[in-house]
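K.L.:
Listed here are the chains, written in short residue letters.
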Amino acid sequence: MPEAFDALACDLARFQARHVPGYGRLCRARGVDPGSLTRAGDAPAVPTDAFKVASVFAFPPSSAQVTFRTSGTTLGQRGEHRVRDVETYDRGAVAFARRTLTAGMTAGDAPLGVAVLGPSPERAPDSSLTHMLSEFASRLGDGAPPGDVFLLQDGVLDLGRLDERCARALAAGGPPMLVCGAAFAFVHFLEGLDDVVVRLPPGSRVMQTGGFKGRSREVDGETLRRELARVFAIPPSDVVGEYGMTELSSQFYEVERGLYQEPPWARVCAVDPQTLAPVPDGTEGIARVEDLLNVDSAFALQTADLVRIHAPADGQEGKGPRHFELLGRQPGATPRGCSIALDELLGSP
Amino acid sequence: MIRWTAAHRRDAVERLLKAARAVAARASDLTPSLMRVTGLTAPVVDLGFQRHLELHPTPTEMDALLAATAASVAPVVTVILSANVFVAPLRALALAWASAPKVVVRPSRRDPILAEALVAACGDASLTLAPGLDLGAISEGEVHAYGRDETLRTVRASLPPSVRLRGHGTGMGLAILGPEATPAHVAALADDVVPFDQRGCLSPRLVVAMGPVARAEALAEELHRALGERNLRWPRGLLEAGEQTEARRYLDAAAFAGVTFAGDGHAVGCAPAPLLMPPSGRHVHVVPAANLDEARALVAPLARYLVTVGGDDVDVTRQLAPPHARVAPLGALQRPPFDGPVDRR
Numbered sequence: 009m010p011e012a013f014d015a016l017a018c019d020l021a022r023f024q025a026r027h028v029p030g031y032g033r034l035c036r037a038r039g040v041d042p043g044s045l046t047r048a049g050d051a052p053a054v055p056t057d058a059f060k061v062a063s064v065f066a067f068p069p070s071s072a073q074v075t076f077r078t079s080g081t082t083l084g085q086r087g088e089h090r091v092r093d094v095e096t097y098d099r100g101a102v103a104f105a106r107r108t109l110t111a112g113m114t115a116g117d118a119p120l121g122v123a124v125l126g127p128s129p130e131r132a133p134d135s136s137l138t139h140m141l142s143e144f145a146s147r148l149g150d151g152a153p154p155g156d157v158f159l160l161q162d163g164v165l166d167l168g169r170l171d172e173r174c175a176r177a178l179a180a181g182g183p184p185m186l187v188c189g190a191a192f193a194f195v196h197f198l199e200g201l202d203d204v205v206v207r208l209p210p211g212s213r214v215m216q217t218g219g220f221k222g223r224s225r226e227v228d229g230e231t232l233r234r235e236l237a238r239v240f241a242i243p244p245s246d247v248v249g250e251y252g253m254t255e256l257s258s259q260f261y262e263v264e265r266g267l268y269q270e271p272p273w274a275r276v277c278a279v280d281p282q283t284l285a286p287v288p289d290g291t292e293g294i295a296r297v298e299d300l301l302n303v304d305s306a307f308a309l310q311t312a313d314l315v316r317i318h319a320p321a322d323g324q325e326g327k328g329p330r331h332f333e334l335l336g337r338q339p340g341a342t343p344r345g346c347s348i349a350l351d352e353l354l355g356s357p
Numbered sequence: 024m025i026r027w028t029a030a031h032r033r034d035a036v037e038r039l040l041k042a043a044r045a046v047a048a049r050a051s052d053l054t055p056s057l058m059r060v061t062g063l064t065a066p067v068v069d070l071g072f073q074r075h076l077e078l079h080p081t082p083t084e085m086d087a088l089l090a091a092t093a094a095s096v097a098p099v100v101t102v103i104l105s106a107n108v109f110v111a112p113l114r115a116l117a118l119a120w121a122s123a124p125k126v127v128v129r130p131s132r133r134d135p136i137l138a139e140a141l142v143a144a145c146g147d148a149s150l151t152l153a154p155g156l157d158l159g160a161i162s163e164g165e166v167h168a169y170g171r172d173e174t175l176r177t178v179r180a181s182l183p184p185s186v187r188l189r190g191h192g193t194g195m196g197l198a199i200l201g202p203e204a205t206p207a208h209v210a211a212l213a214d215d216v217v218p219f220d221q222r223g224c225l226s227p228r229l230v231v232a233m234g235p236v237a238r239a240e241a242l243a244e245e246l247h248r249a250l251g252e253r254n255l256r257w258p259r260g261l262l263e264a265g266e267q268t269e270a271r272r273y274l275d276a277a278a279f280a281g282v283t284f285a286g287d288g289h290a291v292g293c294a295p296a297p298l299l300m301p302p303s304g305r306h307v308h309v310v311p312a313a314n315l316d317e318a319r320a321l322v323a324p325l326a327r328y329l330v331t332v333g334g335d336d337v338d339v340t341r342q343l344a345p346p347h348a349r350v351a352p353l354g355a356l357q358r359p360p361f362d363g364p365v366d367r368r
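Keeping their order, the protein sequence lines are chains A and B.
Per my numbering, the very first residue in the first sequence carries number 9; after that it's consecutive.
Per my numbering, the very first residue in the second sequence carries number 24; after that it's consecutive.
Accuracy of the hints is not assured; some may be wrong.
Label pairs and their calculated CB-CB ranges [as the list claims (entries may be wrong)]:
# : chain 1 : residue 1 : chain 2 : residue 2 : range
1 : B       : 94        : A       : 285       : 51 to 59 Å
2 : B       : 367       : A       : 241       : 37 to 45 Å
3 : B       : 172       : A       : 238       : 56 to 64 Å
4 : B       : 183       : A       : 179       : 43 to 51 Å
5 : B       : 156       : A       : 155       : 56 to 64 Å
6 : A       : 351       : B       : 28        : 53 to 61 Å
7 : B       : 188       : A       : 230       : 33 to 41 Å
8 : B       : 183       : A       : 241       : 57 to 65 Å
Chain B side only, calculated, beta carbon under 8 Å to chain A, not exhaustive [said to hold, decoys possible]:
#  : residue
9  : 27
10 : 31
11 : 62
12 : 65
13 : 66
14 : 76
15 : 91
16 : 193
17 : 219
18 : 222
19 : 223
20 : 299
21 : 326
It is worth saying that the hints were derived from the structure and are not from the lab.
Ideal Cβ positions, reconstructed from N, Cα and C, are used throughout, including at glycine.
I would like the entire structure built from these sequences, with the hints used as guidance.
P.N.:
Structural data, given as structure tokens:
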């Protein structure tokens with residue numbers, strides 16, 4: 009899809025430069041004329057910080073069907089991502105999940121048992137992750153009642169209900185379950201167990217996303233994978249990472265250990281943190297994400313996440329999906345005086 | 024045990040100041056090392072020695088410093104230095120020696136230069152260096168620690184409950200430009216940004232400009248001009264890779280949200296609220312506030328990080344400064360009186 013991708017991306021950039029005032033300003037500040045763009049990579053990327061301080065939306069706020077918000081910083085700021093037509097978001101999320109996350113779990117479109125170690129959409133209406141998982145439950149799931157799907161109630165994980173649900177599914181011979189949640193929720197989950205195993209039906213998978221800090225410890229990704237595989241009695245390869253963020257409409261899934269796959273409508277590029285110029289495949293850089301589903305906001309986003317792009321095999325450039333490794337978050341500048349560092353000032357409260 | 028009387032304490036501080044004057048007289052000997060560890064250029068190191076090393080406190084300041092430490096006389100004070108501007112060890116050692124007859128100094132690993140020079144120049148067995156000091160070995164007296172909050176927590180966790188910790192963390196300065204602020208006020212603000220390349224806890228990083236957005240933008244542009252002039256005389260040092268990355272992020276976010284003015288060695292952004300925080304390294308963010316209530320709302324979430332607030336109108340500045348923050352006229356934010364700790368939080 010490379011030619012169509014660039015053409016669509018440049019059309020989006022031109023549209024967003026006209027209708028998202030901040031993007032027009034950013035293009036002018038960077039000396040880029042959106043009218044002359046031919047390559048997606050030449051369009052300036054909007055830093056994720058911009059979502060906290062300005063409107064990144066091509067329409068009046070009242071046109072938003074849903075507004076997703078980031079978690080707050082110590083200064084109380086939350087980024088806002090407004091979506092005019094959430095059906096675009098939902099279709100993309102489900103389509104790519106079917107192709108990667110849940111591929112091969114059941115025959116055809118047979119339903120899965122979906123369980124979420126998180127709150128319901130009613131309790132977290134501005135969480136894009138909760139919304140996506142709710143769509144999974146509704147479009148991929150077996151119709152279980154919300155109380156059996158969303159297992160975080162009033163700040164407490166209902167492990168008993170998860171255990172009952174898994175036991176029922178095992179006794180009935182299926183369907184496989186998809187247990188989803190933020191990585192920190194899984195760390196809390198593990199802290200709450202002793203040597204208990206919550207056996208999932210054969211063919212089940214676990215999807216985790218985000219950082220790995222719990223109440224009492226920080227857990228690295230491989231340790232989390234191993235412990236989840238043990239506790240749920242599934243192969244480690246069935247613990248799947250998801251990379252997404254509030255500011256995006258698309259998601260990326262781990263398809264091999266440590267390697268994430270792009271959907272056809274989104275691209276991750278590694279760029280130099282100082283110059284924002286692309287770095288060669290195989291070199292560490294920060295992730296510039298081009299997401300064609302971000303129609304009404306910012307199609308190109310600049311993050312502070314470290315990535316490494318894996319080059320396609322010889323002769324395969326443009327012919328198959330691209331993959332990247334996630335290497336963590338770029339650390340803030342090493343303080344050289346007593347002026348407060350940005351990562352102290354802007355961290356989570 | 025030696026009785027550490029008021030006379031002893033005053034004498035100790037005066038001996039330290041005498042040693043500091045001797046060190047400053049040969050500042051050029053220290054400049055290459057200071058440039059290497061701080062990343063500052065030679066003119067900015069010289070600026071630090073000339074204008075920001077407190078060599079001649081007034082009698083009132085001395086009395087205030089001694090009064091600030093009178094209640095905490097201990098047998099020994101251990102000073103843990105880190106994450107400071109290079110002149111900071113003088114005040115830190117003065118406070119410590121005013122508090123105890125014996126002072127042990129663990130210099131910053133990254134920048135031990137002035138601490139080592141002061142101790143050597145004093146040549147007094149009561150003031151010693153212990154670069155490899157193990158915090159767990161401290162069992163008495165007080166500890167005065169400087170650094171990030173994380174460092175201070177580590178220090179606290181290493182000390183027995185009987186040892187009192189006085190911690191001084193990182194922070195920032197804030198400037199208020201009122202409706203009557205003139206180009207001269209903006210120039211004075213630039214004089215506050217330049218020292219130590221804005222890496223001090225007194226360095227102003229944010230400016231609240233009272234009035235409409237257009238006025239804030241005009242003031243931002245004026246500050247950009249003033250910083251550009253100062254860069255010719257006191258060039259900014261190189262930014263480390265992490266600082267360059269943060270600068271890039273800030274500039275793009277500020278350009279998205281408002282306007283930016285970037286020079287060779289500084290940048291000024293201006294955008295309406297919410298606040299956008301710039302990194303240090305001579306980056307300043309200007310935010311308009313239509314009235315005092317709006318200004319208060321902007322300042323409130325930052326209150327615990329503010330060490331100093333400066334402005335062209337002292338009354339307005341006092342109204343907006345948190346109770347613990349020093350209040351200073353523009354041009355003097357980085358030259359607080361030698362009357363106690365810089366950080367009063």
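K.L.:
Give me the numbers of the hints this structure contradicts, sorted from smallest to largest.
P.N.:
Numbers 2, 3, 4, 6, 8, 9, 10, 12, 13, 14, 15 and 21, in rising order.
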